[in-house]
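Q: Sequence:
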Amino acid sequence: LKRKIEYLNDYEINQNKNVKRKLMDMNAQKLDEELHE
Numbered sequence: 048l049k050r051k052i053e054y055l056n057d058y059e060i061n062q063n064k065n066v067k068r069k070l071m072d073m074n075a076q077k078l079d080e081e082l083h084e
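Following my numbering from start to finish, the sequence shown increments by one per residue and tops out at 84.
If you're looking for bench data, these hints aren't it; they were derived computationally from the structure.
As the structure is a computational prediction, the values presented were derived from the model and not from experiment.
The reader is advised that the hints may include incorrect statements.
[As the list claims (entries may be wrong)] Listed below are the simulated DSS-like cross-link pairs for lysine-lysine, each with C-alpha atoms no more than 30 Å apart in a straight line:
(1) Lys64 x Lys77
(2) Lys51 x Lys64
(3) Lys64 x Lys49
(4) Lys51 x Lys77
(5) Lys49 x Lys67
(6) Lys77 x Lys67
(7) Lys77 x Lys49
[As the list claims (entries may be wrong)] Okay, the calculated beta carbon distance ranges per label pair:
(8) Glu84 x Lys49: 40 to 48 Å
(9) His83 x Tyr54: 30 to 38 Å
(10) Lys49 x Asp79: 39 to 47 Å
(11) Ile52 x Glu81: 38 to 46 Å
(12) Ile52 x Asp72: 29 to 37 Å
(13) Glu81 x Leu48: 45 to 53 Å
Glycine included, every Cβ here is placed at the ideal spot set by N, Cα and C.
Please work from the sequences and hints to get the whole structure.
A: In structure tokens form, the structure reads like this:
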């Protein structure tokens, strides 16, 4: 049971990292577009 909780915590942390990475990628793309205009 404890292992399952740790697994879920790791999963949530990984999901948060993936979301932040996606947001950073989107922001980087917007900056690139603004710089190229």
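Q: Now tell me if each hint is right for this structure.
A: Against the structure, the hints come out as follows:
With a C-alpha separation of about 20 Å, the suggested pairing of Lys64 with Lys77 holds against the 30 Å cut-off. For the hint pairing Lys51 with Lys64, the CA-to-CA distance comes to about 20 Å; that is within 30 Å, so the pair holds. The suggested pairing of Lys64 with Lys49 holds, with an alpha-carbon distance near 23 Å, which does not exceed 30 Å. A C-alpha spacing of about 39 Å is found between Lys51 and Lys77, which places the hinted pair above 30 Å, so the restraint is violated.
The straight-line distance between the Cα atoms of Lys49 and Lys67 is roughly 27 Å, inside the 30 Å bound, and the hint therefore holds. Our distance criterion of 30 Å between C-alpha atoms is met by Lys77 and Lys67, whose separation comes to about 15 Å. Taken as a hint, the Lys77 and Lys49 pair is broken in the structure, with Cα atoms around 42 Å apart against an allowance of 30 Å. Between Glu84 and Lys49 the beta carbons are some 53 Å apart, a value that contradicts the proposed interval 40 to 48 Å.
Our hint of 30 to 38 Å for His83 and Tyr54 is violated, since their Cβ atoms are close to 43 Å apart. Remark: the range hint 39 to 47 Å for Lys49 to Asp79 is upheld by a beta-carbon distance near 45 Å. Take Ile52 and Glu81: their Cβ atoms lie about 44 Å apart, and the range 38 to 46 Å holds. Ile52 and Asp72 have their C-beta atoms about 31 Å apart, which keeps the hinted 29 to 37 Å range intact.
The hinted window of 45 to 53 Å between Glu81 and Leu48 holds, with their beta carbons roughly 50 Å apart.
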